[in-house]
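K.L.:
Read off the chains here:
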Amino acid sequence: MAVGTLLAVLVLISVTAFLYELYTSQQEMRLLDEERSREKLEILEAGFWRLDEHTPTSTEPAGMEHALSRLDGIEATFESKKVQEGIYQVDWVAEFSLPSPDDVDRLYMKYVGVHTAKASQEVYLWNYTSGGWVMIARARPYEGYEDVVIQVGGVRHLIGLDGRVKIRFVSYADEPFECKVDLLTVEAYLEDSGRVLVRVLNDSPSTVVIEAVWIISAGSHERRRINIALAPGEEYVLNLEAQNIGFKCIVKIVTRRGSIFQVTVRPC
Amino acid sequence: MARAVSPVVATALLLALTVLAFSMIWEGVSSWISAQRGGMLQSIRERFVVEDVWFRVEAGDRTLVTVYIRNVGLADIEIDEISLNGTVMDMWVNGIQVDSVEIKVDAGVSIDLRADGWRWKPGAVYQMVIVTRGGVSTVVCKP
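Each protein sequence line maps, in turn, to chains A and B. In terms of my numbering, the first sequence has 114 at position 106, counting the first letter as 1, and numbering is strictly consecutive. In terms of my numbering, the second sequence has 288 at position 22, counting the first letter as 1, and numbering is strictly consecutive.
Isolated chain A (complex conformation) (with noise of 0.2 Å):
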């Protein structure tokens, strides 16, 4: 009789050993199918360009380029003047050089910085040919951290023949203030035949990480291995080599839950 239970009990452990393992396979599975279904990497641009970053090569007041460059908590302080009464103003200006203006198609301005008390403010970039500043941006009435991206396309009359672009950022409160800015860049898009460049964002309620790109051409394709997190609303710029692609080609983005997405890319 007991060696009768034992066993018993043997195979009874062992069979419900068995459905636990089912049971969870099929937990973990259901989370990963739900997680892969609810990936969404939205294609915001794609075209043969190339991105080159850069940093500004001299500020007013001077001396504040070095801070400006790198997101590094060294931050650039901006004092506010009293402009008339009841209303201070901090106005400065950041100079860049670009090595290639003739191929330009946008510009991309990075702004990380802070006001210590409510202001609003204006982006203005000079205009080379009426020789005044235009206004590309306004941000409403803002105290504490401010991190902006602002695109700027027809950048013709914005870039000097030299290569030259000058950005200038006003900001008014009705007390005193500072502005202290940690990092300003301009990120130009060349055209470029032999890059790809993608622009990415999550879109997903979970991080997705991309495993791969495709790069699919009439007489290629092409898997380059990325291994690249995205956290939910993350933007991600994806410049690829793609040498000898031709007039179009595909770009394939695989996620590494499984999910694909795709673009084709033409000529600007």
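Since the hints were derived computationally from the structure, they do not count as laboratory data. Warning: the hint list may mix true and false statements.
Below 27 Å or equal to it, Euclidean Cα-Cα: the simulated DSSO-like pairs (lysine-lysine) are [unchecked claim]: (1) B/LYS370 - A/LYS48; (2) A/LYS256 - A/LYS48; (3) A/LYS174 - A/LYS126; (4) B/LYS370 - B/LYS387; (5) A/LYS174 - A/LYS89; (6) A/LYS188 - A/LYS174; (7) A/LYS188 - A/LYS126; (8) A/LYS48 - A/LYS118; (9) A/LYS256 - B/LYS408; (10) A/LYS89 - A/LYS188; (11) A/LYS118 - A/LYS188; (12) A/LYS90 - A/LYS48; (13) A/LYS118 - A/LYS174; (14) A/LYS118 - A/LYS89; (15) A/LYS260 - A/LYS48; (16) B/LYS370 - A/LYS260; (17) A/LYS260 - B/LYS387; (18) B/LYS408 - A/LYS260; (19) B/LYS370 - A/LYS256; (20) A/LYS90 - A/LYS188; (21) A/LYS48 - B/LYS408.
Chain A is fixed; fit chain B onto it per the hints.
P.N.:
The following block gives chain B in isolation, referenced to the frame of chain A:
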């Protein structure tokens, strides 16, 4: 008059019968669990993605199809057969013909598919059937 067996012998016989019966049950249960592990559990844990299918022409005007498969599941997979519109294709990995292709979890493999006298036709639609230990998957593709 027949003599009854002694209690010691009877107990030994009963014990032997119990052990024999349960060893048969154990054998049956073990082989059932083992079969389920290879079948049901494998098919639950198996996931793969066909990242790319490339219809190509190689030297000598022969045609082939290159398929890249990545294992995104929780178990290793073994591809036993790939057919295109019913034609069972020969599988080649890194220039060597193979009977089956094993793909570890998170790994990917590029497989060249060829068949004697078979040519793909531009514009035609092909149904690729991939047979693994865990089941059968179908992918529709065209050159």
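K.L.:
Now tell me, hint by hint, if it's right for this structure.
P.N.:
Hints, verified against the model:
1. B/LYS370 - A/LYS48: 26 Å, holds
2. A/LYS256 - A/LYS48: 24 Å, holds
3. A/LYS174 - A/LYS126: Roughly 26 Å separates the two Cα atoms, so the pair holds.
4. B/LYS370 - B/LYS387: Not OK: B/LYS370 and B/LYS387 at ~33 Å, beyond 27 Å, violated.
5. A/LYS174 - A/LYS89: 22 Å, holds
6. A/LYS188 - A/LYS174: 19 Å, holds
7. A/LYS188 - A/LYS126: 13 Å, holds
8. A/LYS48 - A/LYS118: Status holds; Cα separation ~25 Å.
9. A/LYS256 - B/LYS408: This hinted pair holds, its Cα atoms lying about 19 Å apart.
10. A/LYS89 - A/LYS188: Holds, because 15 Å separates the two Cα atoms, which is no more than 27 Å.
11. A/LYS118 - A/LYS188: 15 Å, holds
12. A/LYS90 - A/LYS48: 49 Å, violated
13. A/LYS118 - A/LYS174: Distance ~14 Å between A/LYS118 and A/LYS174 Cα, so the pair holds.
14. A/LYS118 - A/LYS89: 25 Å, holds
15. A/LYS260 - A/LYS48: 14 Å, holds
16. B/LYS370 - A/LYS260: 23 Å, holds
17. A/LYS260 - B/LYS387: 24 Å, holds
18. B/LYS408 - A/LYS260: 16 Å, holds
19. B/LYS370 - A/LYS256: The given pair, whose Cα atoms are some 34 Å apart, is violated under the 27 Å limit.
20. A/LYS90 - A/LYS188: 18 Å, holds
21. A/LYS48 - B/LYS408: This hinted pair holds, its Cα atoms lying about 25 Å apart.
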